[in-house]
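Use these hints to put chains E, Y and P onto chain D, whose structure you have.
Number of protein chains: 4
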Amino acid sequence: MGEVALSNGQSHSLNGYRKSCWYEEEIEDNLRWCFALNSILHTGASQYQDIALLDTKPFGKALVIDGKLQSAETDEFIYHECLVHPPVLHHPNPKNVFIMGGGEGSTARELLRHNTIDQVIMCDIDEEVVDFCKSYLVANGEAFCDPRLKVIINDARAELEAGEERYDVIVGDLADPIDGGPCYKLYTKSFYEFTVKPRLKEGGIFVTQAGPAGIFSHTEVFSSIYNTLKQVFKYVVAYSAHIPSYADIWGWVMASDFPLELNAEEIDMRMRERIKGENRYLDGKTFSSASTLSKVVRNSLDNETHVYTEEAARFIHGHGKHA
Amino acid sequence: MGEVALSNGQSHSLNGYRKSCWYEEEIEDNLRWCFALNSILHTGASQYQDIALLDTKPFGKALVIDGKLQSAETDEFIYHECLVHPPVLHHPNPKNVFIMGGGEGSTARELLRHNTIDQVIMCDIDEEVVDFCKSYLVANGEAFCDPRLKVIINDARAELEAGEERYDVIVGDLADPIDGGPCYKLYTKSFYEFTVKPRLKEGGIFVTQAGPAGIFSHTEVFSSIYNTLKQVFKYVVAYSAHIPSYADIWGWVMASDFPLELNAEEIDMRMRERIKGENRYLDGKTFSSASTLSKVVRNSLDNETHVYTEEAARFIHGHGKHA
Amino acid sequence: MGEVALSNGQSHSLNGYRKSCWYEEEIEDNLRWCFALNSILHTGASQYQDIALLDTKPFGKALVIDGKLQSAETDEFIYHECLVHPPVLHHPNPKNVFIMGGGEGSTARELLRHNTIDQVIMCDIDEEVVDFCKSYLVANGEAFCDPRLKVIINDARAELEAGEERYDVIVGDLADPIDGGPCYKLYTKSFYEFTVKPRLKEGGIFVTQAGPAGIFSHTEVFSSIYNTLKQVFKYVVAYSAHIPSYADIWGWVMASDFPLELNAEEIDMRMRERIKGENRYLDGKTFSSASTLSKVVRNSLDNETHVYTEEAARFIHGHGKHA
Amino acid sequence: MGEVALSNGQSHSLNGYRKSCWYEEEIEDNLRWCFALNSILHTGASQYQDIALLDTKPFGKALVIDGKLQSAETDEFIYHECLVHPPVLHHPNPKNVFIMGGGEGSTARELLRHNTIDQVIMCDIDEEVVDFCKSYLVANGEAFCDPRLKVIINDARAELEAGEERYDVIVGDLADPIDGGPCYKLYTKSFYEFTVKPRLKEGGIFVTQAGPAGIFSHTEVFSSIYNTLKQVFKYVVAYSAHIPSYADIWGWVMASDFPLELNAEEIDMRMRERIKGENRYLDGKTFSSASTLSKVVRNSLDNETHVYTEEAARFIHGHGKHA
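Chains as they are written, first to last, in my numbering: chain D, 343 to 665; chain E, 343 to 665; chain Y, 343 to 665; chain P, 343 to 665.
It should be emphasised that the hints constitute simulated quantities derived from the structure, not laboratory data. Be aware that one or more of the hints could be misleading.
Just so you know, same-sequence chains aren't split out, so a pair can sit in one copy or run between any two.
When the alpha-carbon atoms are kept at most 25 Å apart in a straight line, the in silico SDA-like pairs for lysine to any residue are as follows [what the hints assert, rightly or not]: (1) Lys637 / Arg612; (2) Lys476 / Gly545; (3) Lys399 / Thr561; (4) Lys399 / Thr385; (5) Lys403 / His384; (6) Lys476 / Arg499; (7) Lys399 / His384; (8) Lys437 / Arg612; (9) Lys437 / Gln389; (10) Lys399 / Glu366; (11) Lys492 / Pro434; (12) Lys572 / Leu491; (13) Lys627 / Glu603; (14) Lys403 / Glu370; (15) Lys543 / Glu501; (16) Lys627 / Glu562; (17) Lys399 / Asn380; (18) Lys618 / Asn438; (19) Lys618 / Asn641; (20) Lys627 / Asp644; (21) Lys403 / Asn380.
Just chain D, with the same shape it has in the complex (with noise of 0.2 Å):
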């Protein structure tokens, strides 16, 4: 409603109305980022987080857990496209993916866009979220009915440690390392030696979203991610892009003991030969840009010292179920 200014005027109650519900985030402590709403779709609470889906007029649908955005209709598709296809696409033949959470099934849905991938394990801890998306986010029905994707509910260390299955791709869609939240174990150097490393086969890529990337927020988490995994890899590439509904930069990082080298012609041609569709964001030119870390970003990340262990984590702001 609304949308259309008529002629007598009538734009004005309708403006009115137009804003006066919101949702409110806090980016940090002082700094709010807030959006008009059409509607609360959904709201409900697992056993691990609390869940809200928010019809948003600036950026659509948007799924909100414990309340911190994290996925929204209208600019996911740069989250997900940067997650997936560069990785996926400097492994020269992938086959199996393993995805440690990723409940939302957008990251799957990228991943099922590739020719070569004939299986992916989804591996949420939160069976409520995974049922909640596969209602609510029609965008990645298709995904969640694919014959090649195995959806599995367990916390994702577990699963790592218990199975043997190799992987040419393990992907790290977590929540952020949010103090009490369930996942900050998960970005622990010992983790990815002793977990995930073993976990891949040879010539195998992890890559992980690894938090605020912007010139000011990427010391919170990004540049120590990056670090923890220069200690355990031989070959690590980071890189971000501008999420809108995230009001920041975000980062991923990459990693592989095999090199990660592909310019941009290379990656248009894969991506040519291997992806379904067009992507909207990511082509050989925006990787090319979105991995030249811009001055600031780039010295920390060479310099940064500090390792993500358990006894040493750091955390985003937020506090999450369990702090």
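Showing chains E, Y and P alone in chain D's frame:
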């Protein structure tokens, strides 16, 4: 944060979530009143107005029309008891009542609690509001089904001018006089004199909601409505009550050509005799207090010279759909 | 937008600017009250409390302590006239008065308007608040210079316990009982019984501000303070008034072992005889209305069983510095 | 105050206080960006614009004109380094520079760091903004005193049309093209063609800030400014950077009739040779990344057909004083 640290830690994240969605109303240009939201139950737009039903944390379900809170579940009883019972109780034997507006149904509900009343006409211009409230405001469901109630969809002025029936009580349950809103012409001297008064039986009483009546806000329209009614009726009584969800004192004015004199005990006695169930807000002492205005307000009303006409209207903050 | 379209178009940008800075107070967890700001005049912190003086658009200069509005320029007269004049007028010949708290100076200002009073002791624990208010609240400048006023920096309880002087009126102008705040122990039965009452002369009257007294909020502390005083004094009168900047009705309770019975005319007469200048809020009829509580509140007070002790305290929303 | 979490839990109330005053900006109708405030340092209004200097918690001192954040202490270096250094470095030997607007002084400051530059003309229409910034923005104090800087108070277009001097670099540091704002006519093809270009020396370079350049927002004016400059100059380079306080990616466009081709190493070398002190944001690799736009933005710019004229202007959200 974490005042009550529950053993399972839920307080943190619930707190976080509890505060993420808000309804925000501009009481004045420089003053906002914000309710945390559980959900946005329904939104819609009629030919005349934008309508929304919100589920708010502090005040329960709230009906919002054109971006202004009309009625909140937890405290609408204050408004509706004050609008209905004083005039009806002051009448010796009220049989039939005409409601101008009142589409929400709560005014009818309070009227129908009176055992002397055998006919209530509710005349609201906006069929969609009536239908909306009939569907969603369960508290008024019984009233909407009462055979004594007759709902007419029409402009109240046109209806009163076209008809010939006379009433014991006429109730003005209209939106505030807002610039461009549908209602400001129903607060004028000529309307009261030539449309309302001729349709009252001998001994009949008119009552109207009369806008904010706070120590600063009563000069917006309350004093003027009072003074306007004084030009038309011999006896005029203004009274007020605090309505928490409005963040202000609210005012009503009743008027008649017969004396409006009942003491607290007489009011209590008539309540017991005539009203089904017990009032939550109003009793004799409460009305006595409510009709004893504070010094500033009393003086303003006594000294008000403004008379409401179509040419010299006063408006409260906000814009109607046709502004 | 553009209500008053000035020929030079200034309204647009002024509107824009007018709304860009806000003071926001959490009335409750789920309820916010927001004032547009002209400026932040001063901020500071004492040993006990955070202090800020804001220039707000809707309510003028506002004193904020620990994130809670204490007093706003445009309507503090309501609070202070209600706190001071009822007990002082009910006393036949008040000479000396002890204020617990009151560092803002407005309570002293109202007391010093009484021509019978020859000594006012203001005992506030926080020297910085007193100095801050002395410097910035010009309306109280004359009071601070009155030779009848003596300011003591001390804990009011310690001061009352250490001294021997007796008073005609003791005024509790303390912060609300907030968990961790400095004041909640000064609302207990034992404090009233063993500290306050012994320091009243025969015929002496105690009065205290008593927190929010709205139809929902009066059960937070108002009813309990009323009931606690009923355990200690023979005659107890509760009254309330709407304070716009508080977004609620506020309550006060006065108590004595002598009857507190003046009708409206007697109050008006004593005001004329004893008070310099004219009250803005309170007169006889206003007090009559203010002390006739509405049905719900009256019943709650009559039926309250909670007695305030250090072990069984009640708190209103918010956190003091030592929570 | 309140940056430290004291062992006795004092942080609670400080937290409370820290969040009570906010600056709120409407990025779009449905999107707000809110900074906690330390104080409102100065407010004022010139003939053209409303001006405020705020002390914000997340971004330090912030200059707000007509309700839009112009510049924040903690990250204005990103904007100003991006505006100034790319064009100046691409010029083989820049001597004199004309700034359209730039009253804040930061653009002049960055220009004056170049050792080849011997004259900077800053031509701003609003003397009060210039004086305001001279007084309050201490970081630019040195620049305002540099004898190479000449400040002219005039409309930049009138000044350029009236004069005859030619410049090596002309910098457009104007407010965004806002409906009713003073600046939108300085983004048109005819202005670039008939006013700007004739005042460039041979080999001269024009640069302009070009509004938001995010994945959604770049179509507001960025793509159009790029395309408009392509109609007038042979070589046009668009680039962008995230500015945290703007909550978006920002864009700049530089244009010349001579090739604009330097690789990252050449940029770094010229920086070392010509710029006093070290850049905080920009170096060769950063510019390389900044000028490699992401797929969507690149395609939009390539396919943009809109040309900015006075008759066919595009505006970004907000209203200037003369709207």
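Query raised in the report: Taking 25 Å as the upper bound on the Cα-Cα distance, should Lys476 and Gly545 be classified as within, between, both, or neither?
Result: neither (33 Å within a copy, 59 Å between copies)
Report task. Go through the copies and call it for Lys437 and Arg612: within, between, both or neither, with a Cα cutoff of 25 Å. Result -> Only inside one copy: Lys437 and Arg612 sit 15 Å apart there, 48 Å across copies, limit 25 Å.
Query raised in the report: What label fits Lys437 with Gln389 when the C-alpha limit is 25 Å: within, between, both, or neither?
Result: Neither, since 33 Å and 58 Å both go past 25 Å.
Query - Intra- versus inter-subunit Cα pairing at 25 Å for Lys399 with Glu366 - result: Both ways: Lys399 and Glu366 sit 13 Å apart in one copy and 15 Å across, limit 25 Å.
Query raised in the report: When no copy is named, should Lys403 and His384 be tagged within, between, both, or neither for a Cα gap of at most 25 Å?
Result: both (11 Å within a copy, 17 Å between copies)
Report task. Pop the pair Lys637 and Arg612 into one bin, within, between, both or neither, using alpha-carbon distances up to 25 Å. Result -> between (29 Å within a copy, 16 Å between copies)
Requested in this report: Since the copies are identical, ignore which copy is meant and state whether Lys627 and Asp644 lie within 25 Å (CA to CA) inside a copy, between copies, both or neither.
Outcome: both (23 Å within a copy, 15 Å between copies)
Query raised in the report: When no copy is named, should Lys399 and His384 be tagged within, between, both, or neither for a Cα gap of at most 25 Å?
Result: The answer is both: 16 Å in one copy and 16 Å across copies each meet 25 Å.
Query raised in the report: Quick one: Lys618 to Asn641, C-alpha cut-off 25 Å, is that within a copy, between copies, both, or neither?
Result: The answer is between: 20 Å across copies meets 25 Å, while 37 Å in one copy does not.
Query raised in the report: Using 25 Å as the alpha-carbon threshold, which applies to Lys627 and Glu562: within, between, both, or neither?
Result: Classified as between; 23 Å across copies, 28 Å inside a copy.
Query raised in the report: Is the C-alpha distance from Lys572 to Leu491 at most 25 Å within one copy, between copies, in both cases, or in neither?
Result: neither (30 Å within a copy, 48 Å between copies)
Query - Intra- versus inter-copy proximity for Glu370 and Lys403 (alpha-carbon distance at most 25 Å) - result: both (22 Å within a copy, 18 Å between copies)
Comparing the model with each numbered hint stated earlier shows that hints 2, 9, 12 do not hold.
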